[in-house]
Structure formats: structure tokens, C-alpha cells
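Student: Since the structure of chain A is already known, use the hints to place chain B on it.
Protein chains in written order, with this note's numbering: chain A, 7 to 117; chain B, 16 to 129.
Possibly wrong hints are sitting among the right ones.
Reference listing, derived: stretches of chain A covered by chain B, where coverage requires no fewer than 3 residues with Cβ under 8 Å from a Cβ of chain B [claimed, not checked]:
1) 34-41
2) 47-55
Heads up, simulated DSS-like pairs for lysine-lysine below, C-alpha to C-alpha not over 27 Å straight-line [what the hints assert, rightly or not]:
3) K39(B) x K48(A)
4) K93(B) x K83(B)
5) K48(A) x K83(B)
6) K48(A) x K93(B)
Sample of chain A residues with no beta-carbon within 12 Å of chain B, all distances over it, derived [what the hints assert, rightly or not]:
7) Q12
8) E21
9) E23
10) N28
11) S58
12) K74
13) S75
14) T80
15) D90
16) V115
17) L116
18) P117
Rather than coming from a laboratory, the hints here were simulated on the basis of the structure.
Every residue, glycine too, gets a C-beta built ideally from N, C-alpha and C.
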Amino acid sequence: KQEVTQIPAALSVPEGENLVLNCSFTDSAIYNLQWFRQDPGKGLTSLLLIQSSQREQTSGRLNASLDKSSGRSTLYIAASQPGDSATYLCAVKSHGQNFVFGPGTRLSVLP
Amino acid sequence: DAGVIQSPRHEVTEMGQEVTLRCKPISGHDYLFWYRQTMMRGLELLIYFNNNVPIDDSGMPEDRFSAKMPNASFSTLKIQPSEPRDSAVYFCASSSGQNNQPQHFGDGTRLSIL
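Same shape as in the complex, but just chain A (with noise of 0.2 Å):
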């Protein structure tokens, strides 16, 4: 049964950097991975979507990454902003399953 772990579980950096929110999964065995953000109180907002066969994607000042073969994702987002403050959530999508969400991590980004 697949597994989503993601780490550190919050977050608080100064305005403008950059920086790397991690998520771990333990099949590999994967159709793609989802990057979301969450704002309190309100739903889930698709970031970015990595399909298997892929390496990274990219929108803006957001990049995922995907190794496979190590059950890892990264999300970087650069040049930091107090608007990207939201939990962020990472979902797996494996064969024989629907998706599985990790459990976030919450940024807070200082003005």
C-alpha cells in the first residue's frame, strides 16, 4: 500500500528566498504526482501535475521534480512571497489505487 510522507511539516522562511518542500513515497510504481496548496478554510488549488514519464514540471516560480526510482518529489519555489503562505500537499497516484495525499507542509513566508 502506498505510503506519501512529506517533510518538514511547517515551515517559516523571510520574504524572497528560495526554498524546497519534499514529499517521499514508497511504491514506485506511480502514474503521476500532484502538487497542491490548500489556504484555510478553502478547497485544494492543482499546482502542478508530473506524469511518470516525466522529470519536472514547471509554471511560474514553482519547479516540481520527480525521481521515481528513489520514491521522491521536490517542489522549489523561488523568490519566496507572504501570498504562497498556504499548507502544501503532495498526492500519488499508483497503479491499483487512487490517489494517496501526504499529510502537508505548512509555509509560512514573512513579509
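Tutor: Positioned in the frame of chain A, the structure of chain B alone reads:
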């Protein structure tokens, strides 16, 4: 597009009462998912539909939970009878195709069972 629409946004009721949560997926999406989010267990998939047909309900915690999708634009999640441990945020999500398209989430229903 209006996105995934859920109602109500908040529900407070006494234990033993029937609770019905509603979801309208994005038009044209053929997959619909119901999730539950709690502090202790995070986000868990309860059930999902493809073309209005339930495909996997293994995440439904008990027989008190049931879900229906009578047409492509509407789904319900019902809890009867409700219990305090059912208190959580319930999310509905939809996608076009399952394996290579992102899921789009509604804003959720925050359910409190007293």
C-alpha cells in the same frame, strides 16, 4: 467555469441526525471523488465515480455512509445516523480522465456533529 461547487459550506447538527452533502462537478468531467479531511488522518478518499457509476467505495468508513450520483452534474454524500466522530471537512473533486489529468477540488463542507 464555475469550478466544483459544494453545499452547504458549513453544517452543524446533533448526533443521530441525517446529513446530506452535495456536489456539482465541473461540466464535462467524468470522474468525481469524495474526500474527508481531519487533523488526525489528513485527506482520505472515501469513494469515487466514473460516468456516474461508483467504482471504488473501499474508503467509506461504515454503512452509515452512502453516496450517489444520479446524473453527471450532481452527487450526494449521506451520513445516517451521524456521530460526533464524523466531524470533518468533506471535499468533492472532479477530473477529466483519471490517470493523466489533475483533480479540481471544491471548497469543502465543514461538518460538525454535536
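Student: Against each hint, give a clear statement of whether it holds in the structure.
Tutor: Now the hints, each set against the structure:
1. 34-41: holds (count 3)
2. 47-55: This one holds; 7 residues, not fewer than the three required, reach chain B with a Cβ under 8 Å.
3. K39(B) x K48(A): holds (16 Å)
4. K93(B) x K83(B): holds (8 Å)
5. K48(A) x K83(B): holds (24 Å)
6. K48(A) x K93(B): Holds, at roughly 21 Å.
7. Q12: violated (10 Å)
8. E21: holds (27 Å)
9. E23: About 27 Å separates E23(A) from the closest Cβ of chain B, which puts it past 12 Å; holds.
10. N28: Holds, because the least Cβ-Cβ distance between N28(A) and chain B comes to about 16 Å, which exceeds 12 Å.
11. S58: violated (9 Å)
12. K74: For K74(A), whose nearest Cβ neighbour in chain B is about 15 Å away, the distance exceeds 12 Å, so it holds.
13. S75: Answer for S75(A): holds, closest chain B Cβ roughly 20 Å.
14. T80: holds (19 Å)
15. D90: The claim holds: D90(A) sits with its nearest Cβ about 19 Å from chain B, beyond 12 Å.
16. V115: holds (23 Å)
17. L116: holds (24 Å)
18. P117: holds (26 Å)
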